[in-house]
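As they're listed, the protein sequences go chains A and B. Taking this note's numbering, I'd label the letters of the first sequence as residues 7 to 315. Taking this note's numbering, I'd label the letters of the second sequence as residues 7 to 315.
Hint data in this document are derived by calculation from the structure and do not stem from the laboratory. Treat the hints with caution; some may be incorrect.
The list treats identical chains as interchangeable, and a pair is accepted whether it falls inside one copy or across any two copies.
Listed below are the simulated EDC-like cross-link pairs for lysine to aspartate or glutamate, each with C-alpha atoms no more than 20 Å apart in a straight line [said to hold, decoys possible]:
| hint | residue 1 | residue 2 |
| --- | --- | --- |
| 1 | 315 | 161 |
| 2 | 50 | 62 |
| 3 | 303 | 125 |
| 4 | 82 | 9 |
| 5 | 310 | 161 |
| 6 | 284 | 86 |
Keep in mind the model is a prediction, meaning the values are calculated, not measured.
There are 2 protein chains.
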Amino acid sequence: MEELRIFTPATIANVSCGFDVLGLALDTVGDEMIIKKVSQKGVKITKIIGQDLPLETHKNVAGVAALALLAEIETKFGFEIEIDKRIKPGSGIGSSAASAAGVVWAINELLGNPFHKTDLVRFAMEGERLATGVAHADNVAPALFGGFTLVRSYEPLDIIPINTPSKLYATVIHPQIEVKTSDAREILKTTVPLKNAIKQWGNVGGLISGLYTEDYGLIGRSLEDFIIEPIRSILIPAFEAVKQLSLNAGALGCGISGSGPSIFALSKGEKVATEVAKAMELAYEKIGIDYDIHISKINNKGIKILESK
Amino acid sequence: MEELRIFTPATIANVSCGFDVLGLALDTVGDEMIIKKVSQKGVKITKIIGQDLPLETHKNVAGVAALALLAEIETKFGFEIEIDKRIKPGSGIGSSAASAAGVVWAINELLGNPFHKTDLVRFAMEGERLATGVAHADNVAPALFGGFTLVRSYEPLDIIPINTPSKLYATVIHPQIEVKTSDAREILKTTVPLKNAIKQWGNVGGLISGLYTEDYGLIGRSLEDFIIEPIRSILIPAFEAVKQLSLNAGALGCGISGSGPSIFALSKGEKVATEVAKAMELAYEKIGIDYDIHISKINNKGIKILESK
């Protein structure tokens, strides 16, 4: 195998109650990448379409992630990367994570899988560090593992794939405004009231339990964020309206995707997810804000091979 | 059915990472109670053996819990209660919860089960309010539901029974010193660093996941408390030594049971749990502190009928 064309998914981090630890992968939203073995050592980004992003290896999240992997293995060849960037940077659905996860996954495949997925998360986190200043794993982990994932611990890195019910669909609306991850982090408080932290870990426990028992009602009740959403939602226009309309349309829960500005909702079944999309669109049409919208099953597989040569 | 003799279990609340939300029931440690239907309305505590506790209904946790139940249903008769109190009050293994949960469970049985278990938790919490000043549910919930339970939310009350692996054993050592629940609560800080709260909910997610997948290694890695244990453990003599010796003896994890002073460890299998008990005993024998020690399977059933008339 000399060349892979892959699909690498967009992801929703935090998932309301699980700030910095939970994430899930989407199935119909993501980037395409081509990764080729070449005789010249090192990593070269030959083409990026769809977005204006740096081609220099050290300035590109995919480049940096690839270099992190190659620093831990001897190879007699190098890699060329083409990126068809379909996830908009800054949208809050893991744009940088998709690139970083995709490239290390594909290189690992081309090398015959010398690394465990948790190692790939570690390499991809270096891309996240370049993109946001923080090497978080809550987007790269679901991109690499698929489904819901829990970052139980960062030191040591401990990624737990969580059972993902098959009828779970995500609706994501991306209002066309910019919220920088670094700004969204800066407005957070460094301490939280213990009583809110208790509610939050009650919900994390409830969500994980609901995912294993496929109890959609419990999943919905647990999709509540007492700590981050009350602060970050002020950065997102009409957040409360979008949330309320989504819940009225039948969503199990609704919250901020990653650091925003995208808003996600989870629903049982595609039909409800589609109704939720209509409700979300209505909220932004009323106030004249442009948006992208996505409806997707949860992707249980993670990155997928589209073509191999 | 006019009379029930029941076993009502001791419980371990918090279980390291799950302060105020997680608990589990023990199988071989608990109280016995006799609850009788009588013609005279109201609740009368006729006998308490084993401990010096108030017989007055309004001053006794079982009495108060029973009254909370009877306030929500019309009955033509009353109840008499006898308590064989085997769990020492103040030990940190749910002594008041066992009495409160036992009496409401038995009255509900004698009435033909008009109430759901979550209602019984609510009634029993009134006993907890009397005992500790706080109507917490993390001991009464596992006593009533059995196994591991999660109090996902207090308002509304939402109790989630969690799958409990069959090889899981608890070892509990109770040093003969007094730690009042109210004191153990007062030393806690009202705010916590966000970064520690994140680690904590990562572990709650990991523990719940490990319980469903019966991954004993994951259960062990998740039994870590970044918030409460560092503060409360100073109230417990030789806590660090007991913990270290337990882990060395093969325990999956070790922490404070409820608000202490009991220390619990979880192990895979009775053999390891017995080795852990020896290690714990050694720690207290070295420094000359008296103790009680218990080894128990996790009790998946909760309260049990020993005899019915």
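To see whether the hints hold, each was checked on the structure:
In this assembly of identical chains, residue 315 and residue 161 lie within 20 Å of each other by CA distance neither inside one copy nor across copies; the values are 38 Å within and 57 Å between. In this homomeric assembly, residue 50 and residue 62 come within 20 Å of each other (Cα to Cα) only inside a single copy, at 8 Å, whereas the closest approach across copies is 81 Å. Neither within a single protomer nor between protomers do residue 303 and residue 125 lie at most 20 Å apart by alpha-carbon distance, with minima of 27 Å and 37 Å respectively. When the C-alpha separation of residue 82 and residue 9 is checked against a cutoff of 20 Å, the pair qualifies only within one copy, where the shortest distance is 16 Å, while the shortest distance between copies is 81 Å.
In this homomeric assembly, residue 310 and residue 161 never come within 20 Å of each other (Cα to Cα): the closest approach is 29 Å inside a single copy and 43 Å across copies. Taking the closest pair of Cα atoms, residue 284 and residue 86 never come within 20 Å of each other, the shortest separation being 41 Å inside a single copy and 60 Å across copies.
Hint compliance for this structure: hints 1, 3, 5 and 6 are broken, all remaining hints hold.
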